[in-house]
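Peer 1: Spelled out, the chains give:
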Amino acid sequence: MQLWTQIICEVGFRKLNAFFSVLGLTLAVIIVVASQLIAESDERETRRVTRDMGFNLRLIPAETDLGQFYRDGFSRFAMDATTLDRLATQLTNNVSFNHLVGSLRRGYTINGQSILLVGLSKTYVAPGQGKKPMGFVIKTNTIHIGSEIARVQVKNKGDTMQVGMQQFQISNDPIETGTSDDITIFARLEDVQSILGLSGKINEIEAIDCLCLTADEDPLAILRKEIGDILPDVQVVHKQKLADARAKQRQTREKVNAVVLPSVLLASAVWVALLAVFNVRDRRQEIGILRALGKSGWRIAGLFLGKAVLLGFVAAGFGVVFGMWAVLEFGPSLFPVTKKAIQVNPLLAFQLVFATPLFAAFASFIPAMLAVSHDPAETLRED
Amino acid sequence: MIRCDEVTKTFCKNGSKVLSLDRFTADIRDGEFIAVRGPSGSGKTTLLLTLGGMQRPSTGKVQFDEHDLYALSQAERANLRSRQIGFVFQMFYLVPYLDLLGNVLLASPGKPGKVERQRAAELLEQFGLSNRIAHRPDELSAGERQRLAVARALLNRPKILLADEPTGNLDPDNAAVVIDHFVQFHQSGGTVVLVTHGTAADTFANRIIRLNQGRLSGD
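Chains A and B, in that order, are what the protein sequence lines are.
Heads up, the first sequence is in numbering that gives the first Met the number 0, so the first residue is 0 and it goes up one at a time.
Heads up, the second sequence is in numbering that gives the first Met the number 0, so the first residue is 0 and it goes up one at a time.
So that you can see chain A by itself, here it is in the shape it has in the complex (with noise of 0.2 Å):
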């Protein structure tokens, strides 16, 4: 008698026990499928999401004065441009903050309106992230204008502007935000150089930093420590309740993570060796009698390992394609930012029908190592 043979014909006599061992591999499957898609598209979406928050972090001179600054909302003092060339040098995967942009901010007046004029550089981003640059990219001889600029001046989306000497056509619809973006004019740092006769100059960087830390760390002092062995010229500025809504955001996900899906192969595994651990008891006059046929450990052993590994194939098959499904299904309404890059991962199904094979056997290997350690004559005795 083969022992494939040998297995399927038990596994359709016990079927319940089949049913059931078929049933909670088959979850854990779905669950490692969804949650593992679901990591992804929340690891994107919980990306934008922060992104969309804005940068939390403001680099200023030195020597600014923060009463003025919070006040006016930028620093009357400059620095050179260059120091944001030599921070995004400095943009690794070991620092603690990314998506660099430089600018120059002052205030102005544009027909007897004041106005706060604010020209962005380019965004520089860590090497190899390939990260999308924060907020909005302003192409040349454009401007974006806040609502209230757009109002009082008559203006909106396609207008030409005369801001200074120069005539920018607006490219944005102007919405009122109710933030101070609603009396800004964005621009091109170099146009706004020029504008502001200070070529060569910014007076702020504004970056985002990437620290999830625990409560018991100050990421400020973090922050500070790395930014000033840089830049020591320099006034970090953090928004901290931005940076906390980030962290947040974050450590919940990590959290989730690092807890649902060990939770689940734990309790799979364990259902599954409790199955297996009943499949030995029952079996207790069948493992006698093929020890007195002369049967090895070894295939003993292969009976309820293969039976396992046979299961697990079975619940792979089920678990990838149902777990496929429902994340496709309603993957969309958890995470409509991102929808459109859910989707099927291939390698991950791959992977699942190979490993939950093993992680079956694994499950049952203890039960396997009971019934190869059995003695036989006491079965065989108890007539």
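Keep in mind that the hints were calculated from the coordinates and are not lab data.
Just so it is clear, CB atoms sit at the ideal spot from N, CA and C, and this is done for glycine as well.
A few of these clues could be false.
Unchecked claim - Computed far set for chain A versus chain B, every beta-carbon distance over 12 Å:
| hint | residue |
| --- | --- |
| 1 | S34 |
| 2 | L65 |
| 3 | N110 |
| 4 | D158 |
| 5 | P173 |
| 6 | S193 |
| 7 | S295 |
| 8 | V313 |
| 9 | L346 |
Claimed, not checked - In silico SDA-like pairs for lysine to any residue, Cα to Cα no more than 25 Å straight-line:
| hint | chain 1 | residue 1 | chain 2 | residue 2 |
| --- | --- | --- | --- | --- |
| 10 | B | K113 | A | G301 |
| 11 | B | K110 | A | G11 |
| 12 | B | K110 | A | P375 |
To be verified - A few chain A residues that face chain B, going by a derived Cβ cut-off under 7 Å, partial list only:
| hint | residue |
| --- | --- |
| 13 | C8 |
| 14 | F12 |
| 15 | N16 |
| 16 | E285 |
| 17 | A291 |
Mind docking chain B on chain A? Use the hints.
Peer 2: The following block gives chain B in isolation, referenced to the frame of chain A:
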């Protein structure tokens, strides 16, 4: 063929020591038909399992042909059992999820080939079970089950059959049929050690061993 030398087996049961075999010494020669008799708890089953390499004695030695049976590794003992010893038990111990052919072929030491399948089919024919070949054991009567168990024990043409109360669950007619198969095996040159309460085998046995409280009380 099998020599038991001062074989003692003690068990620990519910915290107390039970002596199942007490310095049992006997020779079982090739071609003998031995009936082992004795009251319940006298050590008959323990003797049978010890002779078959299924239960290591606490002390003493079991010699199987040229082998010190319990000096062999577990795998060597299993191999010897598979090729030279056939077991039959009172409770049949058939595998419930295999059909009759599968149960017989289970005794095959390796992957059963054409020869083994043919031998199994012949045995089932000989035991009057060829029309039930695709049935499962739970569809058989007790007598048929025991015949199936004997057929399984004979698949590998063992040198010795060790039977533990094989007729204990059978009516007299079926018991006679099963005993008849043991007799046929014996007549074809096989050795039979039959543990029994009854006297059904006494007519055919050429030797009767009596056990009492694990000790040989008559031979």
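Peer 1: Next, verify each hint and record whether it holds.
Peer 2: Verification of the hints:
1. S34: holds, 37 Å
2. L65: holds, 81 Å
3. N110: The assertion about N110 of chain A holds, with a minimum of 92 Å to chain B.
4. D158: Holds, since 83 Å exceeds 12 Å.
5. P173: holds, 77 Å
6. S193: holds, 87 Å
7. S295: violated, 5 Å
8. V313: holds, 18 Å
9. L346: The claim stands: L346 of chain A keeps its Cβ more than 12 Å from every Cβ of chain B (closest is about 37 Å).
10. B:K113 <-> A:G301: holds, 24 Å
11. B:K110 <-> A:G11: holds, 21 Å
12. B:K110 <-> A:P375: holds, 23 Å
13. C8: holds, 5 Å
14. F12: Hint holds; F12 of chain A Cβ to chain B Cβ min 3 Å, cut 7 Å.
15. N16: At 12 Å from the nearest chain B Cβ, N16 of chain A fails the 7 Å test, so the hint is violated.
16. E285: holds, 5 Å
17. A291: holds, 4 Å
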